[in-house]
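Visitor: Using the sequences plus the hints, can you model the full thing?
From first to last, the protein sequence lines are chains A and B.
For any residue, its number in the working numbering is found by taking its place in the first sequence, counting from 1, and adding 3.
For any residue, its number in the working numbering is found by taking its place in the second sequence, counting from 1, and adding 381.
I should point out that these hints are in silico values taken from the structure, not numbers from a laboratory.
Each residue gets a CB set at the ideal place from its N, CA and C atoms; glycine is no exception.
Some hints here could point you the wrong way.
Computed cross-link-like contacts, DSS-like style, restricted to lysine-lysine with a CA-CA straight-line distance of at most 27 Å [as the list claims (entries may be wrong)]: (1) Lys541(B) <-> Lys52(A); (2) Lys48(A) <-> Lys667(B); (3) Lys652(B) <-> Lys690(B); (4) Lys52(A) <-> Lys440(B); (5) Lys511(B) <-> Lys483(B); (6) Lys30(A) <-> Lys511(B).
FRET-style restraints, in silico, Cβ to Cβ [to be verified]: (7) Asn662(B) <-> Gly83(A): 35 to 43 Å; (8) Phe41(A) <-> Leu571(B): 22 to 30 Å; (9) Gly126(A) <-> Gln574(B): 39 to 47 Å; (10) Glu108(A) <-> Ala395(B): 46 to 54 Å; (11) Glu644(B) <-> Arg39(A): 27 to 35 Å.
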Amino acid sequence: MTETTTLYEQLGGEAAVNAAVDIFYRKVLSDHRINRFFDDVDMAKQAAKQKAFLTMAFGGPHNYTGEDMRKGHAHLVKLGLDDSHFDAVIENLGATLVELNVPQELIAQVAAIGESTRNDVLGR
Amino acid sequence: MSLKTIKLNDREIACQEDDSVLDALLRDNIDIPNNCRKGVCQSCMIRSLDNAPPAASQKGLTDVLQHQNYFLACLCYPEQDMTISLNKPKDFFTETTVIDKKLLNSDMLLLTLKCSTPLDYYAGQFVNLKRHDGLQRSYSIANNHLLNPDSLTFHIRKLKDGLFSEWAYQELAVGDTLDISDPQGLCYYLPNQLDQNLMLIGTGSGLAPLLGIISEALHQGHRGDIHLFHGSREIEGLYLIEEMQQLTQQYQNFYYTPCLSSETLANGFAKGRAHDVAMSNIPSLKDWRIYLCGHPDMVHQAKRQAFLKGSAIQNIYADAFHVGTASVK
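Guide: Written out as structure tokens, the structure reads:
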């Protein structure tokens, strides 16, 4: 049975993304290690991007390519975005899912998808 | 299901069964921004000019966007023929006549215009006022369309070296005509949640759209609390103080806090920037609707503060006033 159910479906699909996006974004904006990177962004646009990112990390439908990730973060890499900041985002992602009572094995899968973008995000 | 026709300006585009509006437009080489094609990025958002679009194509849009028949082209499988627009309302103008002009304080002008035909607007939206030589500025509508369907009021602040405001003060006279664009912007009141608490924060002439929103909310019988915070550096920057105080007497659910950020303290005024005062006054903004109008820095900071205080992003409505350029949503 579980073989035919995708990660995205197990997590609860779009409803789960909607539940997670505000919690995740609040954590990121409250996190002093990384919130300066979000000082100048338009919040509504950023929330849409967070939703697209979470949809991807949840194994859902997305059009993100490694190239998009590189282009989207290149200006932040110039400002000093590095592994420690990436770690902080992944940590906030995990904490969001814990708060939503997502089982640990699914959190690990989400974190792994998030992790797979590290080199593109950091422009390596 | 069968072939549907999509009208765009003077073109007719065929939308095949199983094709989205985005597919049909792209097939006809119409340049429309798009990215994810799955309803997430919202870059292909356009507007229906006749019928309400299918509900599935409005998924994730704020209630005011849905109300104005905006939809996502990539999620829209037409159920009937549609007329759509990729243009913005700023491209359409109507002639109005100045019917009143008076001062609210030493540098705030109350201008009232009458439209030859009633304009479809909502309090809190803005229009571009256009002088005959083409000079344009954006101003928010300060009154309520339910009470005055064919007249519009604006608060025009006198700006040092402000081309338009100087002209409006010195030369524009009752009886003159002035062109205005179609109303724009999504920072307005919708009577869909009468019990929701509202927080409105404005600096300077940011009071104008908030006044319209408050007037409409009270007119619609809004039952939730309505908290207005109006801020300026000095007391001279505030206006309509007595009128707002009277309104608190008249409506139990309306609260007004004038705020001064300068060092001088005056009786009856809160000390501090309006958004800081507002945020420290109210412990949680969960399920509140927030309206922010005025200085871009205030709007930017207050958006984040409101979100971190528990307000959902789609419940934060903002209009940042950029001096000398068009008002930008």
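Visitor: If a hint holds in the structure, say so; if it doesn't, say that too.
Guide: Results for each hint:
no., hint, in the structure
1, Lys541(B) <-> Lys52(A), "violated (40 Å)"
2, Lys48(A) <-> Lys667(B), "holds (21 Å)"
3, Lys652(B) <-> Lys690(B), "holds (21 Å)"
4, Lys52(A) <-> Lys440(B), "holds (16 Å)"
5, Lys511(B) <-> Lys483(B), "holds (20 Å)"
6, Lys30(A) <-> Lys511(B), "violated (45 Å)"
7, Asn662(B) <-> Gly83(A): 35 to 43 Å, "holds (37 Å)"
8, Phe41(A) <-> Leu571(B): 22 to 30 Å, "holds (29 Å)"
9, Gly126(A) <-> Gln574(B): 39 to 47 Å, "holds (44 Å)"
10, Glu108(A) <-> Ala395(B): 46 to 54 Å, "holds (49 Å)"
11, Glu644(B) <-> Arg39(A): 27 to 35 Å, "holds (30 Å)"
Hint compliance for this structure: hints 1, 6 are broken, all remaining hints hold.
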